[in-house]
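Trainee: Produce the complete structure using the sequences and hints provided.
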Amino acid sequence: MRALTIAFALAALAFASAQRGNKGPDVNSKRNERAPTYTKMTDAQVHAKIDYQVGKAKYQGPARLPPQLNARKPWITGANIDVYRPGRWDSSYNVVFFRTIVTGDSVGEWDGSVGYVEFKPPSTGQYLVMTHFSGYKARCDVSGPWGVSSSATETTSEEGLVATVYTATNTNKLYFTFNFKRTDGNTLSTAYWRGTEFVKL
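So the sequence shown is residues 1 to 201, counted in the numbering used here.
Treat the hints with caution; some may be incorrect.
[To be verified] Here are the simulated lysine to aspartate or glutamate pairs, EDC-like style, with alpha carbons at most 20 Å apart: (1) K200 / E118; (2) K49 / E159; (3) K73 / E118; (4) K137 / E159; (5) K40 / E159; (6) K58 / D43; (7) K56 / D43; (8) K40 / D90; (9) K40 / E158; (10) K137 / E154; (11) K200 / D51; (12) K137 / E158; (13) K40 / D51; (14) K200 / D43; (15) K49 / E154; (16) K137 / D111; (17) K73 / D90; (18) K120 / D82; (19) K49 / E158; (20) K137 / D184; (21) K40 / E154; (22) K173 / E118.
Hint data in this document are derived by calculation from the structure and do not stem from the laboratory.
Mentor: This is the structure in structure tokens:
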């Protein structure tokens, strides 16, 4: 009986020791990892960007209008977004972390995050598609039927905007993608997607 008691005690000690050594990661340490703060562009700055990227007099309305896809609303009426390998998806601060695209030594080899957007225009006509972002030396490339439209930011504190025009000759779904690259080389870092808008012109 005594031997059985000793064996049980030793087993209990071994179990407790194993439990102490197998605590797992401190997941709460990442709870407060936030995107860097940034300053939104004024309406005048937004219109200047639009004029520069798609031509003057294309759009003179308000700078920020729904419908807008963002971290809090990845699925809205007429549009949705899927992301390949997103980083932090922060609905509290309404931002999604993206890893910049890095290419490898082999042809076609790459790694990083990609946003896949689907938009169903409610009617035919021209639509202004605006993608808001931020990041250190981050270039955002938006690829669709228009080709590739790009814009870049130098610091994490400034807002970037890629504006392009889509001409809908029917109400079929539009599919396009966006990703980020560093402007100073093939370097892995983090960029921040702030939202995508669709405005009827």
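Trainee: Can the restraint linking K137 and E159 be considered satisfied, given a maximum Cα separation of 20 Å?
Mentor: Cα-Cα ~12 Å, so holds.
Trainee: Please work out if K40 and E159 have their alpha carbons no farther apart than 20 Å.
Mentor: 6 Å, holds
Trainee: Take the C-alpha atoms of K49 and E158, compute the straight-line distance between them, and say whether it is at most 20 Å.
Mentor: Roughly 13 Å between the alpha carbons, so the hint for K49 and E158 holds.
Trainee: Is the Cα-Cα distance between K137 and E158 20 Å or less?
Mentor: It holds: about 10 Å lies between the C-alpha atoms, which stays within 20 Å.
Trainee: Taking only the CA atoms, is the gap from K200 to E118 under or equal to 20 Å?
Mentor: Distance of about 16 Å is within 20 Å: holds.
Trainee: Given the hinted pair K40 and D51, is their alpha-carbon gap at most 20 Å?
Mentor: OK: K40 and D51 at ~18 Å, within 20 Å.
Trainee: Can the restraint linking K200 and D43 be considered satisfied, given a maximum Cα separation of 20 Å?
Mentor: 18 Å, holds
Trainee: Mind checking the alpha carbons of K137 and D111 for me, to see if they're no more than 20 Å apart?
Mentor: Satisfied, since the Cα-Cα distance of roughly 18 Å is no more than 20 Å.
Trainee: Need the status of pair K173, E118: alpha-carbon distance at most 20 Å?
Mentor: Given pair K173, E118 holds - Cα atoms ~7 Å apart, limit 20 Å.
Trainee: With the threshold set at 20 Å, check whether the alpha-carbon distance from K40 to D90 stays at or below it.
Mentor: 18 Å, holds
Trainee: Does the alpha-carbon distance linking K49 and E154 stay inside the 20 Å limit?
Mentor: Holds, at about 15 Å.
Trainee: Are K73 and D90 close enough, with their CA atoms no more than 20 Å apart?
Mentor: Measuring from Cα to Cα gives roughly 11 Å; hence the hint holds.
When each numbered hint is compared with the structure, no violation occurs for any of them.
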